[in-house]
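Position chain B relative to chain D; hints supplied.
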Amino acid sequence: MGVKKGIYFGTAFSLLVFTMILSISAGAVKIPLQEILNVFLGGGSETSRTIILNLRLPRAIESAIVGMGLSVVGTFFQGLLRNPMADPYVLGVSSGAAFGATIAIILGFGIFGLSFMAFITSLMTVFFVYTISRTGTRVSMTTMLLAGIAISAFMSAIISLMMLLNHDEFSRIVFWTMGGFSLINWNSVVFTTPIIVIGSFVMYVFSRDVNAILTGEEVAEHLGVNTELVKKIILITGSLVTATAVSVGGIIGFVGLIVPHISRLIVGPDNRILVPFSAISGAIFLTFADLLARIILKPMEIPIGIITAAFGGPFFLYLLIKSKQKSEGM
Amino acid sequence: MRRFKGLLALLVVFALMFSLAACSTNNATKPQDTSQTATETVKTQFPLKVTDFLGREVTIEKEPQRIVSLAPSTTELIYALGAGNKVVGVTDFDNYPPEVKDVPKVGGFKGPNVEAITAQKPDIIFASTLSGKEQMESLEKMGIPVVMLEAKDIDQIYQSIKIIGQITGTEKKGEEIIKEMQDKIKEINDKVKNLPKVSVFYLVSLDGNWTSGKGTFIDELINLAGGKNVAEDVNGWAQYSVEELVKKNPDVIITSPHAGDVKDIKNMAGYKDTNAVKNDKVFVISNDDIISRASNRIVLGLEEIAKFLHPEAFK
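Protein chains in written order, with this note's numbering: chain D, 1 to 330; chain B, 1 to 315.
Only chain D is shown next, with the shape it has when bound in the complex:
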């Protein structure tokens, strides 16, 4: 058991390192391995230095961090909301972010203002959803899920209306919502990494408590778990992590939905193991997806959401069928 998990983690970690190296060495512009090594040793031409150090490296790190964050949030939300379809965006984070971004674009804000605005409005949306779902000190998860869906639909309608009334900014709004990491620079890495890493770690601390909640809230409370406090912490931290991810990468669907499931199929449902495994798998998945987005149709880039859905969906179905066959065979 312990050995098996060790092998899984060892493999996943090696795969992550490999994907990161691949992501730094491959791209639209072909740079020989020797030149890449030169760059890391402080040499290389100015062009290769810019491409490797200022474009590829921050992008590889950012996609890994965002993939990790979204997967961890997805893992916890699926458990807490008791809904296998729950993903980090389910509470209205993404539509809230898109709403803020749309306003920022219409008001003519720059990149920083836009990210900041997306971040703030997504948090406000979740706070709103949270407030309606709360009665006294208890938070109804079902109400949250439904409120999240309702607010998403409402926000999307408002966004469409704003697009309709602001033709000139139409394309920029559409382009923003497609998501992707083409705008990543070191500043965004420095801004997002601490929030996502610390946020994920905070959630991880409560893995055991969430395990208990999964078996039933009453049982958990019997075991001395303050379920309401745990729910609050996970919801708030998860929303913060998601909002941070959205503010730099736009809306990247599917990662937070399928990576936790795939990980659960591999290492089982114990959050103490599942969460770190999901974190690594999410990082691999999104880094690889970003690499594909950059090279498939080079020098054109494609929105990363297309990659995550096109590759993640079928793979997920394959795993589902396989696990079904396995359980039928037994």
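Treat the hints as calculated values from the structure; they're not laboratory data.
Given the structure is predicted, the values throughout are model-derived calculations rather than measurements.
All C-beta atoms in this analysis are idealised placements derived from N, C-alpha and C, irrespective of residue type, glycine included.
There could be a bad hint or two in this list.
Among chain B residues calculated to face chain D with C-beta under 10 angstroms, some are [claimed, not checked]: (1) N267; (2) D273; (3) D288.
In silico lysine-lysine, DSSO-like type, Cα no more than 27 angstroms apart, as pairs [to be verified]: (4) D:K30 with B:K266; (5) B:K228 with D:K298; (6) B:K247 with D:K298.
Derived list of chain D stretches under chain B, where covered just means 3 residues or more per stretch with a C-beta under 8 angstroms from a C-beta of chain B [what the hints assert, rightly or not]: (7) 18-29; (8) 38-50; (9) 168-179.
Just chain B now, with coordinates in the frame of chain D:
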């Protein structure tokens, strides 16, 4: 049925002969027209058959008095040709010439409103691919001729001008406009064609680094203005790799007022290292419409770009 087909074929033959005859008379009368100063323009013969950009032959029974235009570029051309007073419906996007503000709007960005169009009782509809196939078919079923115009390059703008001119009886004015455009293009191109080519990146939107590749008006304008589009290796509108941009290292970056903040562009990773930013050669076009619409105003866009690329030639 067979008889009907035969009749149809006969009709087509007649129509062809008729249009050929019309063409030859046109040619014959042309020289006379130039000599006689006060002559009316050649009256178009109705019913008129035109071939639109989808290659369909559209029959227009009588000279249209009520026109609905479903593309801002077409509207601009109709006004330029002097038939603007017949326009009774345009899209929400139409903003030029200023008079168009008072024309009823018949649709938004997701295809026009068929009811609003019919309410205007048009004799003809000028559509584009964005107009929606189903909507246009339903209008045609009501007996309203739909002519599809979709110029992808400057030569096709001339073709649009010819088609609209023919239908609105303003062929002469159309010829003048085409001549003016050609003269202007030649004038600008003559100034820059022997100068060293300047490499250019056109930034449509900073969000996702969108650019205009081959097959766009912007690509054509950059070439005519004595430049080389670094993104000519992609087709149409595309998200361009910033890596590739760094490698191509453009001398000039042109953006639109809606692309994002110029300050951001100058500080962005990748962009920062291009010659364009280093030498402070990032320009914002005054108006996207003059470089992206298939209208005669495109020569203004050409002039602006040429001045960005070769200021020395326009002193």
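* Asked: Can you list which hints this structure breaks, lowest number first?
  -> none
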